[in-house]
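Letter by letter, the chains look like this.
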Amino acid sequence: DVKVTQSSRYLVKRTGEKVFLECVQDMDHENMFWYRQDPGLGLRLIYFSYDVKMKEKGDIPEGYSVSREKKERFSLILESASTNQTSMYLCASSPMNERGYTFGSGTRLTVV
Amino acid sequence: QKEVEQNSGPLSVPEGAIASLNCTYSDRGSQSFFWYRQYSGKSPELIMFIYSNGDKEDGRFTAQLNKASQYVSLLIRDSQPSDSATYLCADNFENSGYALNFGKGTSLLVTP
Numbered sequence: 001d002v003k004v005t006q007s008s009r010y011l012v013k014r015t016g017e018k019v020f021l022e023c024v025q026d027m028d029h030e031n032m033f034w035y036r037q038d039p040g041l042g043l044r045l046i047y048f049s050y051d052v053k054m055k056e057k058g059d060i061p062e063g064y065s066v067s068r069e070k071k072e073r074f075s076l077i078l079e080s081a082s083t084n085q086t087s088m089y090l091c092a093s094s095p096m097n098e099r100g101y102t103f104g105s106g107t108r109l110t111v112v
Numbered sequence: 113q114k115e116v117e118q119n120s121g122p123l124s125v126p127e128g129a130i131a132s133l134n135c136t137y138s139d140r141g142s143q144s145f146f147w148y149r150q151y152s153g154k155s156p157e158l159i160m161f162i163y164s165n166g167d168k169e170d171g172r173f174t175a176q177l178n179k180a181s182q183y184v185s186l187l188i189r190d191s192q193p194s195d196s197a198t199y200l201c202a203d204n205f206e207n208s209g210y211a212l213n214f215g216k217g218t219s220l221l222v223t224p
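Protein chains in written order, with my numbering: chain A, 1 to 112; chain B, 113 to 224.
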């Protein structure tokens with residue numbers, strides 16, 4: 001089975017900190033995605049990547065950046081964390097030419 | 113902005129009944145549709161996908177797609193208490209290849 005691993009299950013950070021959320025997949029998938037999930041707002045796409053060193057903005061990229069230096073790893077960066085970035089962050093991956101994702105277990109980030 | 117609309121529920125059905133979950137989408141260009149199940153506190157998992165008009169069956173699950181009406185549904189036969197979860201409908205994100213655009217989900221409760 002495909003495994004998508006997110007480095008932290010729970011994270012508490014202070015306002016203004018730079019935060020790194022890491023995601024690693026072990027099945028050589030080309031496509032990787034970052035979403036956030038909030039009650040009443042559902043899953044919203046932040047950034048995605050189809051290949052190493054490439055990135056595309058999703059629906060809500062403001063305040064975030066990403067890095068994909070290796071095929072298996074896709075990092076989400078909060079440049080200066082704010083309280084409105086408190087959320088559940090979900091990473092997902094899929095093979096090229098397939099649209100069905102496998103999700104990681106999520107990182108619940110709290111910014112205080 | 114493309115929309116995927118779902119009734120938030122909760123939809124309550126008795127054990128053994130058929131649960132019918134519905135989804136409408138706004139973009140006539142959407143080509144593929146996905147149903148994910150998400151248990152409380154867990155990440156979404158893919159149940160099934162459908163690309164063509166008509167029905168697609170997989171075990172107790174049937175996905176139905178009507179592109180003319182921009183409507184997709186998921187039927188769960190012989191519903192079990194273990195089917196109680198939130199069901200997310202998704203289609204392809206606008207101009208984003210393999211990125212998915214999710215509805216906010218329908219909460220299903222199967223009562224013994």
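Some clues are possibly wrong.
To give an idea of the chain B side of the interface with chain A (calculated C-beta under 8 Å), a few residues [what the hints assert, rightly or not]:
hint: 1; residue: Y151
hint: 2; residue: S155
hint: 3; residue: F161
hint: 4; residue: A180
hint: 5; residue: Y183
hint: 6; residue: L187
hint: 7; residue: Y210
hint: 8; residue: A211
hint: 9; residue: L212
hint: 10; residue: K216
hint: 11; residue: G217
hint: 12; residue: V222
hint: 13; residue: P224
The hints are simulated quantities; they were obtained by calculation from the structure and are not laboratory data. Bear in mind that the values here come from a model prediction, so they are computed numbers and not experimental data. Note that CB positions come from ideal geometry on N, CA and C, so glycine has one too.
Now the hints, each set against the structure:
1. Y151: violated, 12 Å
2. S155: holds, 4 Å
3. F161: holds, 6 Å
4. A180: violated, 22 Å
5. Y183: With a closest approach of 19 Å, the B:Y183 hint is violated.
6. L187: violated, 19 Å
7. Y210: With a closest approach of 5 Å, the B:Y210 hint holds.
8. A211: holds, 5 Å
9. L212: holds, 7 Å
10. K216: Interface hint status for B:K216: holds (4 Å vs cutoff 8 Å).
11. G217: Holds, about 6 Å.
12. V222: Given a least distance of 22 Å, the restraint on B:V222 is violated.
13. P224: violated, 27 Å
In summary, the structure is inconsistent with hints 1, 4, 5, 6, 12 and 13 from the numbered list given earlier, while agreeing with the others.
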